[in-house]
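> Here is what each chain is made of, one letter per residue.
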Amino acid sequence: MSAHSQHSDHGHGSYRSYLTGFLLSVVLTAIPFGLVMAGGFENRFLTVGVVIGCAVIQVLVHMVCFLHMNSRAEEGWTLLSTLFTVIIVVIMIAGSLWVMFHLNTNMMPQMDHDLLPERLRG
Amino acid sequence: MSTTYWETEPHHHEEGASTNIGFWVYLMSDCLMFAVLFATFGVLHGSYAAGPGPQDLFDLKLVAVNTAMLLLSSITYGFAMLSMAQGHKSATLRWLGITLVFGLCFLGIELYEFNHMIHEGAGPQRSAFLSAFFTLVGTHGLHVTFGSLWLVVLMVQVAQRGLIPANQRRLLCLSLFWHFLDMIWIGVFTLVYLLGVI
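Taken in order, these protein sequences are the chains called S and V. The first sequence finishes on residue 122 if you use the working numbering, and the numbering steps up by one all the way, no holes. The second sequence finishes on residue 198 if you use the working numbering, and the numbering steps up by one all the way, no holes.
Treat the hints loosely; a few may be bogus.
Partial pick of chain V residues on the chain S-facing surface, computed with a CB cut under 8 Å [stated by the list, open to error]:
1. W24
2. G97
3. V101
4. L104
5. T190
These are calculated hints, taken from the structure and not from any lab test. All of these numbers come straight from a predicted model, not from anything done at the bench. Heads up, the beta-carbon is just placed ideally off N, CA and C, and yes, glycines get one too.
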């Protein structure tokens, strides 16, 4: 039987960690909202990149500051199950978008009328 | 005294010792469900069926207020957990109450948004894009609804029986659930609202 109680490896954090997480989250939320409301950069892909980048960083901030995740909790099983989930999520979302994108372009070219070159329209 | 080479006593587990990891695995499975809904939305995000698109429908100011509500509720829940760790029952209840108010504000704003869209003729049946939108955002909202219900139940429990170990364990599970919903919302406001309007 382990000597420590169940709460010792699942810390409650501190005011410091919660406030740090909160302030970082506010900044990482304000940047993408401000950027998009202001119309974004000239380059659309740069805007998309910054918005998604802020979201990924904010998720990591939440994991560390609010969920107090670390490699030691539950002998590493929390981290391991999370990494497994992340891999499945990435495969599922990226795979769906990839497959369905090709399905749309290969099977239904007439549906994307606007995307066709000028000489093929009408 | 004889030497034993195997454990003769069955393992003793503390009550609730495996609750944390079990609840975490539940959250991960919930995360997979949201991933499916996100993937569906990603595939259908351009299928407007000549109906209204994100530019016509989404009010980013409202979404920003909603995001603030959920973020504030996250930190007030954190403060409730800190009060609980210090054994302050009334402070814990007070922070949980504030969390509940923020959670209900979030739900109220979301219902207002849904109602507004449906009255404009942009209900879930209008296009594949809107079906996917209402399913994804609605499922998140439903989670917040049940989280709020759970929060009320726990407030009654804490008020009646105090911060006993069982209640501490339950509050810890709900805190994971609540922070998890905030993380899902980051995905929602980024992928659905912001990328839709860009």
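> Against this structure, judge whether each hint is valid.
Here is how each hint holds up against the structure:
no. : hint : result
1   : W24  : holds (5 Å)
2   : G97  : violated (18 Å)
3   : V101 : violated (17 Å)
4   : L104 : violated (20 Å)
5   : T190 : holds (4 Å)
Consistency with the previously given hints fails for numbers 2, 3 and 4, ordered from lowest to highest.
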